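Chains L and D are the protein sequences, given in the same order.
Heads up: the first sequence at position 99 corresponds to 115 in this note's numbering, and the numbers run straight through without jumps.
Heads up: the second sequence at position 399 corresponds to 433 in this note's numbering, and the numbers run straight through without jumps.
No lab work stands behind these hints: they were computed from the structure.
It is possible that part of the hints are untrue.
To be verified - Computed Cβ-Cβ distance ranges for the label pairs, DEER-style: (1) Ala225(L) - Arg440(D): 28 to 36 Å; (2) Gln253(D) - His20(L): 37 to 45 Å; (3) Lys355(L) - Leu133(D): 49 to 57 Å.
Said to hold, decoys possible - No farther apart than 30 Å at their CA atoms in a straight line, the calculated lysine-lysine pairs in the DSS-like style are these: (4) Lys56(D) - Lys18(L); (5) Lys331(D) - Lys372(L); (6) Lys288(L) - Lys331(D); (7) Lys364(L) - Lys331(D); (8) Lys288(L) - Lys238(L); (9) Lys364(L) - Lys54(D); (10) Lys54(D) - Lys148(L).
The structure presented is a predicted model; accordingly, all values stated were derived computationally and were not measured.
Every residue, glycine too, gets a C-beta built ideally from N, C-alpha and C.
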Amino acid sequence: MKQHVFPRLGEEYWQEILDNGLTVRVVPKRGFARSYAFVGVDYGAVDTRFQLGAEAITTPGGVAHYLEHKMFDLPEGDAMNLFAQYGASPNAFTGYAMTAYYFDCTENFEENLRILLRMVATPYFSQQSVEKERGIIAQEIRMYEDSADSRLYEDLFAALFASHPIRVPIAGTVESIQEITNQTLETCHAAFYHPANMMLCVVGDVDPARVAQVARELTETKRRALPVRDYGAQESVNCVKPRVERTMEVSMPTFAFGFKCEAPTDGGDAMKAEIIGALAAEILAGESSPLFMRLYEQGLIDSGFAADYESVKNACIFTVSGDSRDPDAVYQAVLDEGKRLAKEGFPKEDFERLVKSALGRRMRDLDSFESICYRMCAYHFEGVDYFRFPAVYESVQAEDVQAFLSRTVQESRAAISIIRPKEREE
Amino acid sequence: MVETIQLAEGITLRAVQTRKFKTGCFSVNFLRRHCRRDAALDALLPSVLLRATQNYPDISSISKHLDELYGASFGTLVRMKGEVKMTGFYADFIEDAFLPDGEQVFAPMLDFLQEVLYRPYTENACFLPRFVEGEKQNLINTIEASQNDKRSYASLRLRQLMCENEDYGVPRLGYAEDVAAITAQELWTHYQDVLRHSRIELFYVGRRSAQEAAQMFSQVFAGRERGETVEIGTQVIRTANAERTVMERMDITQGKLVIGLRTGITTQDSAFPALMLLNAVYGSGVTSKLFVNVREKLSLCYYAGSALEKYKGVMIVSSGIEFDKFEVARDAILGELEACRRGEITDEELESARRAILSALRAALDAPARLDDYYAGLAAAKGDTVEELYDKIAALDKSALVDAARAISTDMIYFLKGVEA
Chain L
17 MKQHVFPRLG
27 EEYWQEILDN
37 GLTVRVVPKR
47 GFARSYAFVG
57 VDYGAVDTRF
67 QLGAEAITTP
77 GGVAHYLEHK
87 MFDLPEGDAM
97 NLFAQYGASP
107 NAFTGYAMTA
117 YYFDCTENFE
127 ENLRILLRMV
137 ATPYFSQQSV
147 EKERGIIAQE
157 IRMYEDSADS
167 RLYEDLFAAL
177 FASHPIRVPI
187 AGTVESIQEI
197 TNQTLETCHA
207 AFYHPANMML
217 CVVGDVDPAR
227 VAQVARELTE
237 TKRRALPVRD
247 YGAQESVNCV
257 KPRVERTMEV
267 SMPTFAFGFK
277 CEAPTDGGDA
287 MKAEIIGALA
297 AEILAGESSP
307 LFMRLYEQGL
317 IDSGFAADYE
327 SVKNACIFTV
337 SGDSRDPDAV
347 YQAVLDEGKR
357 LAKEGFPKED
367 FERLVKSALG
377 RRMRDLDSFE
387 SICYRMCAYH
397 FEGVDYFRFP
407 AVYESVQAED
417 VQAFLSRTVQ
427 ESRAAISIIR
437 PKEREE
Chain D
35 MVETIQLAEG
45 ITLRAVQTRK
55 FKTGCFSVNF
65 LRRHCRRDAA
75 LDALLPSVLL
85 RATQNYPDIS
95 SISKHLDELY
105 GASFGTLVRM
115 KGEVKMTGFY
125 ADFIEDAFLP
135 DGEQVFAPML
145 DFLQEVLYRP
155 YTENACFLPR
165 FVEGEKQNLI
175 NTIEASQNDK
185 RSYASLRLRQ
195 LMCENEDYGV
205 PRLGYAEDVA
215 AITAQELWTH
225 YQDVLRHSRI
235 ELFYVGRRSA
245 QEAAQMFSQV
255 FAGRERGETV
265 EIGTQVIRTA
275 NAERTVMERM
285 DITQGKLVIG
295 LRTGITTQDS
305 AFPALMLLNA
315 VYGSGVTSKL
325 FVNVREKLSL
335 CYYAGSALEK
345 YKGVMIVSSG
355 IEFDKFEVAR
365 DAILGELEAC
375 RRGEITDEEL
385 ESARRAILSA
395 LRAALDAPAR
405 LDDYYAGLAA
415 AKGDTVEELY
425 DKIAALDKSA
435 LVDAARAIST
445 DMIYFLKGVE
455 A
């Protein structure tokens, strides 16, 4: 294993890429009782179309999430119970771009690590168990359907994009999951759950060499060809449908608007693009911005108002969201502020202050084991080393942020999603 | 590990010195009795204080100041430990050790705390009415937004209905109509009372020693006039009178079944560790009876779990179910508790639950925000330290859990169902 030291961060990691392609990375944290292990799979809800050898495969919406639920089944029983026997709390999530399995424990680290690695390497789906899960997942989807937050963003993504699979909700729909069989799950597991398509990340007071040794024992030995993914043709930056509204049981209108952005051209740019997007969000709509202050004073927004930048496999979106009695007034104010900033720019000291603040918060975020692992994997799948973020922050110029805002905050690129309260029957 | 230092009459600091983190944190809490009369005032107060100060007269200048302190955060706190209300602020910030030479963040954060507490933005010796009105509206919106998340809304409704004759039934943030009626003058008068007559509990985790932190925090409060502090405490109802069922409707697709039970056991009781372990066996975590038997085996619910309101002597079970599964889910959930009362707890269930709790307690020492919340609870009511609780849980046997289960009685069954169902 090779040691990489990052003196500015006060951190280090040990890394080895196994012969089968699995990247193993260990971040030692001395003096902590907890240890945390995380397996990230470069496979998420948007990976519904792919080419495997000569075969082109299209899968129903929600397979990655269904698979995540079923990976806990092992021939020797439910992995949840095995972890519990060794005192670990396991969990998993499926995102648009990644599926991840992880546990947290304060004892028996190695036993728990073995369960985790065995679990992701072992497809064990019977027709009966896949059938039984359908009801549980349908209930979970119903819960998301009642959640204004989930609905808001699902509507927004569907309005922004013409064909990118980000249009489909992560868990799929109650209809789409009816088409999923144990055969579908086996195909997708074989295609994507390959060591070269995964990363094992461990944080805690553990022995790095031992982690690599256990990983070597429990993952398959040979390399296989990886699937070629198909997210459809590169879309134009113009949105498909400028507005989508629905009513739900919410107390106040809630909104999210998104602006489509160009995808970064290669992996090395992914982190820089994200940092530029995040700084632009602060300049435009952060708590210290003139726009935030004005809208807050007018009672049009509350402290939940925020802008953000997100990128999922060629789908890059600059979002502004919040709650407001008048979302359209906020929308207009944001478009106007975008135009003003494009013309007048912003003071250099605002930019410098925001970089200082963002760097400080990123540094503090290194206290979170969860965040380290998630970001390490997410960036690794984009070909970037997460711990290099201080240098990337320093490479960003105020002009980059200015150019991003001028290019992005345009009505032609935007869609607005609004959820309004239902009319009350008195 | 935690050191408790009295800074002045009614002002206490609990401090944990550690070099493990890049982030230091502190909270300042004013302890009040939670009741209908004051709930809205207590909830509004920190937001108005953080809206503007003399040196930072608007949200933008406050935000810029925190940016300059390397992205420090300073937020409002309004929490309940039983019927004890803790209102105040929570701050976290980068440790000075990670700053360029000669720069500091901790001392400026304490200056900022003093600024927020003692130099509020005023006009005619009162809060500015415009700021008070703005924050009132935000608070009303937050209160009204509690219906957006159906899962927590159903729990909130259960607490309100089950404890309608107790202070506990008053929502944490009070009622929207009470907020609407507050005037700037009334809030100002309330604040003067809070400053003089509340116990103040401070909590700090970071690289400074407890003595050094105590000395620095003392300066924030030095020379302030203080009077007698108000009494605080929680009414505990040992046993439910009779089982009640309440149904309400909303336009939702998944039903929410919430069951409120009286345990009569709080952190102050010797039976508390047994109750905590019983709760884990019954309904908390992936090896619990509710998870394994009700969710997994019967596929009845997407989620089903129990949680203790440990300062109030209440247990709450929440689940999400299909509308037509109400009776069968209710019977299954209460049936698992009955099984605990009959002593039907396997060694595996007991040991898995024990391991999970012990592990969570060890891990709590790695999480400053969890330590803060734990010791905030100890400030509000007597109880064990993390280390004491650990030893007691480790030593429990099954019979103590069965006794705890037998002490529990069902008070209210609440079902939130769809409009058409």
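Handout entry: CB-CB spacing for His20(L) and Gln253(D) relative to the 37 to 45 Å hint
Key = 43 Å, holds
Exercise for the section: Would you check the hint for Lys288(L) and Lys331(D), treating anything up to 30 Å between C-alpha atoms as holding? Expected result: 48 Å, violated
Exercise for the section: For the pair we were handed, Lys364(L) and Lys54(D), check the Cα-Cα distance against 30 Å. Expected result: 35 Å, violated
Practice task
Would you check the hint for Lys364(L) and Lys331(D), treating anything up to 30 Å between C-alpha atoms as holding?
Solution key: 61 Å, violated
Exercise for the section: For the range 49 to 57 Å, tell me whether the beta carbons of Lys355(L) and Leu133(D) fit it or not. Expected result: 38 Å, violated
Problem - Hinted pair Lys56(D) and Lys18(L), Cα distance within 30 Å - result: Distance of about 25 Å is within 30 Å: holds.
Practice task
Measure nothing beyond the straight line between the CA atoms of Lys331(D) and Lys372(L); if it is 30 Å or shorter, mark the hint as holding.
Solution key: It is violated: about 52 Å lies between the C-alpha atoms, which goes past 30 Å.
Problem - Hinted pair Lys288(L) and Lys238(L), Cα distance within 30 Å - result: 34 Å, violated
Problem - Cβ distance range 28 to 36 Å for Ala225(L) and Arg440(D), holds or violated - result: For Ala225(L) and Arg440(D) the Cβ distance comes to about 52 Å; the hint is violated.
Practice task
Decide if the proposed pair is consistent with the structure: Lys54(D) and Lys148(L), CA atoms, cutoff 30 Å inclusive.
Solution key: Given that 30 Å is the threshold and the Cα spacing comes to 45 Å, the pair is violated.
This entry does not satisfy hints 1, 3, 5, 6, 7, 8, 9, 10, going by the numbered hints stated previously.
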